[in-house]
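Participant: Sequence:
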Amino acid sequence: MLFPNSLTIWKEHLVRKTQTWEQRSPGPILYFNIRREPLSLINLRKRNVESGEEELASKLDHYKAKATRHIFLIRHSQYHVDGSLEKDRTLTPLGREQAELTGLRLASLGLKFNKIVHSSMTRAIETTDIISRHLPGVCKVSTDLLREGAPIEPDPPVSHWKPEAVQYYEDGARIEAAFRNYIHRADARQEEDSYEIFICHANVIRYIVCRALQFPPEGWLRLSLNNGSITHLVIRPNGRVALRTLGDTGFMPPDKITRS
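In terms of the UniProt record's numbering, the sequence shown is numbered consecutively and its last residue is 260.
It should be emphasised that the hints constitute simulated quantities derived from the structure, not laboratory data.
Treat each hint with caution, since some may be false.
Cross-link-like lysine-lysine pairs, in silico, DSS-like; alpha carbons within 25 Å at most [said to hold, decoys possible]:
(1) Lys162 / Lys115
(2) Lys162 / Lys112
(3) Lys64 / Lys115
(4) Lys256 / Lys87
Owing to the predicted nature of the structure, the values given are computational and were not obtained by experimental measurement.
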């Protein structure tokens, strides 16, 4: 089933797909999100002529983001890939160890995490349950938007993975919706920096990273993420985005690192 506005979102994907990497012009940098710029939230027609620029400046300050959002994207741990049903694809013993190590690493950062948002797939739920034991008191939220899928046809194409076109239509719209829903500058009412954890899947994380950095999203498959890895994005109040770490598993012993 397609999500609301998914056809519109997919049309945007098709437009992007008509251009190759070489054909793309640099263009202006669009800080997240042009429609979230404070000026776009003010009705200039109702501006008081007498108060003029002073009133406008006051309103702009009211709508400006003040806090930084720290987004921690965690890939689920190793799981049984041979399960016939999704519910049977549970974590392996090694996968459970990986989740413990990731949880310990996050706890060691000494940050006050605001929430954990996780995919509703079994392997993500189990990874979340283990990690959350190391972060007591942090609320957990499950969502279908972060489920694994095929975000957009990769460029260059690969021979070993060729989903049906309908899968790109359905998954692509959903994963794009997840990006738009979760990756944005802080709300103007947010006073303090936030630290948010998202536990999901490799394809979803790679696509989100490309979109957040305004790289061609078709390049998502060029990135590689280990199980239990940590990817850290920072979104500043002005909309600038920085990638602090990508797929970090340096906190794991070498014999515990996998990508399956």
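Participant: Does each hint hold? Answer for all of them.
Facilitator: Verification of the hints:
1. Lys162 / Lys115: violated, 35 Å
2. Lys162 / Lys112: violated, 41 Å
3. Lys64 / Lys115: Roughly 23 Å separates the two Cα atoms, so the pair holds.
4. Lys256 / Lys87: holds, 24 Å
Hint compliance for this structure: hints 1 and 2 are broken, all remaining hints hold.
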